[in-house]
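Colleague: Note that the protein sequences, when read in sequence, are chains U, A and D. Heads up, the first sequence stops at 180 in numbering that gives the first Met the number 0, and the numbers go up one at a time, no gaps. Heads up, the second sequence stops at 381 in numbering that gives the first Met the number 0, and the numbers go up one at a time, no gaps. Heads up, the third sequence stops at 268 in numbering that gives the first Met the number 0, and the numbers go up one at a time, no gaps.
These are computed hints drawn from the structure, not numbers from a lab. Since we're looking at a predicted model, the values are computed, not measured. Certain hints may be false.
Said to hold, decoys possible - Within a straight-line C-alpha distance of at most 27 Å, the following computed DSS-like cross-link-like pairs (lysine-lysine) qualify:
#1 D:Lys8 - A:Lys244
#2 D:Lys206 - D:Lys139
#3 D:Lys226 - D:Lys182
#4 D:Lys156 - D:Lys188
#5 D:Lys156 - D:Lys220
#6 D:Lys156 - D:Lys232
#7 D:Lys39 - A:Lys199
#8 D:Lys182 - A:Lys185
#9 A:Lys244 - A:Lys268
#10 D:Lys260 - A:Lys185
#11 A:Lys199 - D:Lys8
Claimed, not checked - For each label pair, taking beta carbons as the anchor points, the in silico distance ranges come out as:
#12 A:Gly380 - U:Ala116: 35 to 43 Å
#13 A:Ser262 - U:Glu153: 27 to 35 Å
#14 A:Val4 - U:Ile110: 32 to 40 Å
#15 U:Ser159 - A:Arg302: 56 to 64 Å
By construction, the Cβ of each residue, glycine as well, lies at the ideal position given by its N, Cα and C atoms.
So the chains spell out like this:
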Amino acid sequence: MERLRLVFSGSGGQGVITAAIILAEAAVLHENLLATQTQTYGPEARGGATRSDVIIADSEIYFPKVIQPNVLVCLTQEAYMKFYDIVRPGGLLITDPRHVTILQTVDSRQIEIPMHAAVMDNIGDLLVYNICMLGALLALTQVVSIDSVIKVLETRMPPSSLPMNRRAMDLGIALGAKHNV
Amino acid sequence: MDDNVRFLQGNDVCVQAALYAGLEFFAGYPITPSTEIAENLAYHLPRQGGKFIQMEDEIASMCAIIGASLTGRKVMTATSGPGFSLMQESLGFAIMAEIPCVIVNVQRGGPSTGLPTGPSQGDVLQARWGTHGDHAIIVLTASNHQDVFRMTVDAFNLAETYRTPVILLLDEVIGHMREKVILPEKGAIPVVDRLRTSVKAGIDYHPYLPREDGRLPMSDFGGEHRYHVTGLFHDMWGFPTTNPKIVHGLLRHLNDKIKNNISDINRMKEYFIDDARTILISYGSSARSALHVVHNRRARGERIGLLELQTLWPFPYTQVAEKCEKARQIVVVEMNMGQVLLQVKRAVSRPERVMLANRIDGVFITPTDIRNILRLIHGKGV
Amino acid sequence: MAVQDYIRKRFFPHLWCQGCGHGIVLNSLIRAIEELGIRKNDLVMVSGIGCSSRITGYVDVHTLHTLHGRALAFATGVKMSRPELRVIVPMGDGDALAIGGNHFIHSARRNIDMTALVMNNQIYGMTGGQFSPLSGPGVKATTAPFGNIDHGFDVVKLATAAGASFVARTTTYHVHQMISILKEAISHKGFSVVEIMSQCPTYFGRKNKLGGAVDMLDYFKSHTTAKGSDAHKKDPLMIERGIFVKEDRPEYCSDYDMLVKELQLKGDA
Numbered sequence: 000m001e002r003l004r005l006v007f008s009g010s011g012g013q014g015v016i017t018a019a020i021i022l023a024e025a026a027v028l029h030e031n032l033l034a035t036q037t038q039t040y041g042p043e044a045r046g047g048a049t050r051s052d053v054i055i056a057d058s059e060i061y062f063p064k065v066i067q068p069n070v071l072v073c074l075t076q077e078a079y080m081k082f083y084d085i086v087r088p089g090g091l092l093i094t095d096p097r098h099v100t101i102l103q104t105v106d107s108r109q110i111e112i113p114m115h116a117a118v119m120d121n122i123g124d125l126l127v128y129n130i131c132m133l134g135a136l137l138a139l140t141q142v143v144s145i146d147s148v149i150k151v152l153e154t155r156m157p158p159s160s161l162p163m164n165r166r167a168m169d170l171g172i173a174l175g176a177k178h179n180v
Numbered sequence: 000m001d002d003n004v005r006f007l008q009g010n011d012v013c014v015q016a017a018l019y020a021g022l023e024f025f026a027g028y029p030i031t032p033s034t035e036i037a038e039n040l041a042y043h044l045p046r047q048g049g050k051f052i053q054m055e056d057e058i059a060s061m062c063a064i065i066g067a068s069l070t071g072r073k074v075m076t077a078t079s080g081p082g083f084s085l086m087q088e089s090l091g092f093a094i095m096a097e098i099p100c101v102i103v104n105v106q107r108g109g110p111s112t113g114l115p116t117g118p119s120q121g122d123v124l125q126a127r128w129g130t131h132g133d134h135a136i137i138v139l140t141a142s143n144h145q146d147v148f149r150m151t152v153d154a155f156n157l158a159e160t161y162r163t164p165v166i167l168l169l170d171e172v173i174g175h176m177r178e179k180v181i182l183p184e185k186g187a188i189p190v191v192d193r194l195r196t197s198v199k200a201g202i203d204y205h206p207y208l209p210r211e212d213g214r215l216p217m218s219d220f221g222g223e224h225r226y227h228v229t230g231l232f233h234d235m236w237g238f239p240t241t242n243p244k245i246v247h248g249l250l251r252h253l254n255d256k257i258k259n260n261i262s263d264i265n266r267m268k269e270y271f272i273d274d275a276r277t278i279l280i281s282y283g284s285s286a287r288s289a290l291h292v293v294h295n296r297r298a299r300g301e302r303i304g305l306l307e308l309q310t311l312w313p314f315p316y317t318q319v320a321e322k323c324e325k326a327r328q329i330v331v332v333e334m335n336m337g338q339v340l341l342q343v344k345r346a347v348s349r350p351e352r353v354m355l356a357n358r359i360d361g362v363f364i365t366p367t368d369i370r371n372i373l374r375l376i377h378g379k380g381v
Numbered sequence: 000m001a002v003q004d005y006i007r008k009r010f011f012p013h014l015w016c017q018g019c020g021h022g023i024v025l026n027s028l029i030r031a032i033e034e035l036g037i038r039k040n041d042l043v044m045v046s047g048i049g050c051s052s053r054i055t056g057y058v059d060v061h062t063l064h065t066l067h068g069r070a071l072a073f074a075t076g077v078k079m080s081r082p083e084l085r086v087i088v089p090m091g092d093g094d095a096l097a098i099g100g101n102h103f104i105h106s107a108r109r110n111i112d113m114t115a116l117v118m119n120n121q122i123y124g125m126t127g128g129q130f131s132p133l134s135g136p137g138v139k140a141t142t143a144p145f146g147n148i149d150h151g152f153d154v155v156k157l158a159t160a161a162g163a164s165f166v167a168r169t170t171t172y173h174v175h176q177m178i179s180i181l182k183e184a185i186s187h188k189g190f191s192v193v194e195i196m197s198q199c200p201t202y203f204g205r206k207n208k209l210g211g212a213v214d215m216l217d218y219f220k221s222h223t224t225a226k227g228s229d230a231h232k233k234d235p236l237m238i239e240r241g242i243f244v245k246e247d248r249p250e251y252c253s254d255y256d257m258l259v260k261e262l263q264l265k266g267d268a
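Make the full structure from the sequences, and use the hints.
Modeller: Here it is as structure tokens:
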């Protein structure tokens with residue numbers, strides 16, 4: 000497979016780091032791939048700008064940070080302004096129009112996905128916003144199977160919250176699929 | 000899915016390995032970026048009947064593990080830069096009184112409060128000479144999670160074998176990064192148990208009289224033998240003395256037991272060393288970036304190799320000199336101002352061959368950083 | 000067992016000065032232990048640094064002579080690891096309350112089962128007569144040549160406020176009281192603190208013109224009184240002796256063991 004480098008960025012509390020961990024763990028535990036996940040900490044545990052890097056590959060990963068991501072997710076304007084130009088030419092840049100106004104054009108596929116609106120309209124709880132984002136990402140990249148991610152969710156979430164997470168993921172998959180050409 | 004495959008932070012791997020090695024007692028104090036070790040053990044240890052205690056500071060944490068070790072437990076504490084500084088006095092006590100214990104220092108940027116969340120490898124020399132007085136110390140490190148597991152178990156084994164504190168020097172990148180690790184089956188890595196005295200109750204036990212093989216069998220506090228333990232120079236009963244002959248003998252013993260066993264203690268990995276014209280020497284997370292460069296350049300036919308150090312102290316001067324004998328350039332890759340560089344320069348012939356590729360701004364050194372420095376060294380400009 | 004059986008005769012004579020109160024503490028401590036019938040193998044003594052700390056070398060139990068101020072932290076590791084052992088921690092005044100002040104209050108707060116002795120001679124003896132946090136204002140010392148302006152702690156109040164569940168004070172003059180208080184303190188389940196006023200004729204006595212050891216013992220006799228006595232009501236400057244706090248409170252190691260048992264019952268282990 001081609002080595003996939005992803006950067007998830009947003010603000011503390013949006014769950015971007017958790018989403019990154021779930022994706023990478025799914026690749027390692029259920030797809031027999033290798034993955035690394037790192038994160039840059041802001042001074043605040045909550046509310047500051049956060050970034051998490053994930054590399055997924057079928058061969059050894061030595062340097063675990065991402066310089067030029069194939070996939071960049073920006074979930075705040077601040078994160079977008081900071082990171083939009085690191086995306087690899089021909090890569091994928093995912094934003095949510097609720098949080099990010101696209102200002103620059105970059106040499107990549109820019110996709111605006113109204114995940115916030117979808118989660119609020121259909122579920123009404125932003126706790127699963129990150130899982131919706133992960134669903135959209137899976138639909139767009141097929142980096143790991145949906146089943147693998149669900150297996151990870153089953154071990155990380157209390158059973159009572161699984162249906163809501165599953166719904167959020169399906170929402171994301173449907174939103175992402177609209178952009179799949 | 001293989002049951003033993005995990006996707007964990009380096010700090011969590013360290014915890015799993017410590018439990019595998021038989022950890023029974025942990026005392027610590029929260030500090031970034033090592034806190035996950037304490038958090039994880041607060042969860043795991045009581046569930047296994049082990050002991051976890053959060054102390055009032057790092058000084059107390061280090062003291063508590065020494066006390067617990069004397070009762071026969073395998074013990075550990077974990078900290079980072081400022082906390083490691085606070086532990087130095089009691090680290091010296093553990094060296095002097097020959098108490099097995101493991102100290103994990105997940106390095107962050109210093110000096111002082113420095114960069115709590117930024118990577119650095121600035122504690123290499125502090126780990127060697129942080130506590131006062133002539134002494135020897137064992138310091139291990141690791142660059143990936145499989146090795147973090149192995150080196151953690153080895154740290155416990157060496158602590159027991161040589162009755163000494165062993166420092167596991169991790170860094171922020173390794174501590175917080177998540178990657179795949181396969182947890183070894185029980186028995187796959189040998190575990191050294193506490194060597195206890197065979198002297199029967201009622202017969203004079205000499206806690207500080209080495210056996211012929213140099214090892215000192217212990218007796219647990221609370222057991223049949225009552226003896227004295229002190230940080231003062233002491234005789235074979237552990238009783239304080241200023242007798243020059245005994246003082247000299249003890250200081251020599253404390254240093255020799257480590258120095259004379261470098262071949263047993265030394266751990267290093269080599270990649271493409273044999274025909275390498277350029278040898279990178281690195282350790283910890285920096286070695287990942289170095290290895291990235293080596294694989295990349297080898298693919299283009301460049302004769303470059305990596306010597307990855309896993310035992311930083313006692314420094315393997317002879318082994319490094321041998322491996323580097325034929326190299327034209329030796330480039331030490333580390334995130335400090337040249338702490339291992341100094342040792343490599345001391346180790347090799349023609350030390351003018353040794354150069355530094357470093358980064359000290361709290362940002363993880365990248366393969367590009369190393370490549371740029373290599374280009375400069377090779378006269379190609381950046 | 001005879002009192003002498005608790006002594007490591009090999010290491011005598013001891014290093015304390017003539018007239019030092021610490022030998023009286025050693026004697027009383029051993030008598031208390033002997034009267035309680037504690038097996039030598041069940042007893043651990045942990046000390047710090049200073050004149051007081053050398054006491055551990057002379058007692059034939061498991062003994063740990065640690066770092067200045069850190070005895071309670073080492074002792075916490077021993078006790079937590081083997082709660083079935085009895086732990087006694089003899090300390091000096093500077094040892095326990097200057098450099099070791101943080102460990103002192105936190106050990107009291109945890110109410111971990113051990114007995115902390117503060118052998119209070121109001122001075123740093125080992126280093127040659129500097130003032131301590133128990134010297135008090137006006138005292139002469141090598142680091143207070145013009146008289147001390149540093150205020151002292153009241154060990155009893157400090158230990159009480161920090162959460163010790165047993166707090167007492169006595170002196171080297173009141174040997175019978177000392178033995179009886181020590182017996183109660185050692186038997187008490189929880190963190191027990193015993194302040195023992197002890198004379199240092201070599202430094203404190205000489206610097207402050209208090210006479211020899213006998214004069215200093217006489218001072219303990221005339222300037223202290225039983226807790227709540229009429230003498231204290233008449234003269235509040237008289238120092239009270241006796242047991243100030245004795246309460247049953249949850250003990251740290253027992254609580255930890257309960258936690259472990261609960262986890263095992265839940266089958267969560």
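Colleague: For each hint, tell me whether it holds in the structure or not.
Modeller: Each hint, compared with the structure:
1. D:Lys8 - A:Lys244: holds, 23 Å
2. D:Lys206 - D:Lys139: With Cα atoms ~6 Å apart, Lys206 of chain D and Lys139 of chain D stay inside 27 Å; holds.
3. D:Lys226 - D:Lys182: Since the Cα atoms of Lys226 of chain D and Lys182 of chain D sit roughly 18 Å apart, the hinted pair holds (cutoff 27 Å).
4. D:Lys156 - D:Lys188: Holds, at about 20 Å.
5. D:Lys156 - D:Lys220: holds, 22 Å
6. D:Lys156 - D:Lys232: holds, 18 Å
7. D:Lys39 - A:Lys199: holds, 16 Å
8. D:Lys182 - A:Lys185: violated, 48 Å
9. A:Lys244 - A:Lys268: violated, 41 Å
10. D:Lys260 - A:Lys185: holds, 26 Å
11. A:Lys199 - D:Lys8: Given pair Lys199 of chain A, Lys8 of chain D holds - Cα atoms ~21 Å apart, limit 27 Å.
12. A:Gly380 - U:Ala116: 35 to 43 Å: The hinted range 35 to 43 Å is violated for Gly380 of chain A and Ala116 of chain U, with Cβ atoms some 52 Å apart.
13. A:Ser262 - U:Glu153: 27 to 35 Å: Cβ of Ser262 of chain A to Cβ of Glu153 of chain U: about 49 Å, so the range 27 to 35 Å is violated.
14. A:Val4 - U:Ile110: 32 to 40 Å: 33 Å Cβ-Cβ, so the 32 to 40 Å window holds.
15. U:Ser159 - A:Arg302: 56 to 64 Å: holds, 60 Å
Going through the hint list in order, the structure does not satisfy hints 8, 9, 12, 13.
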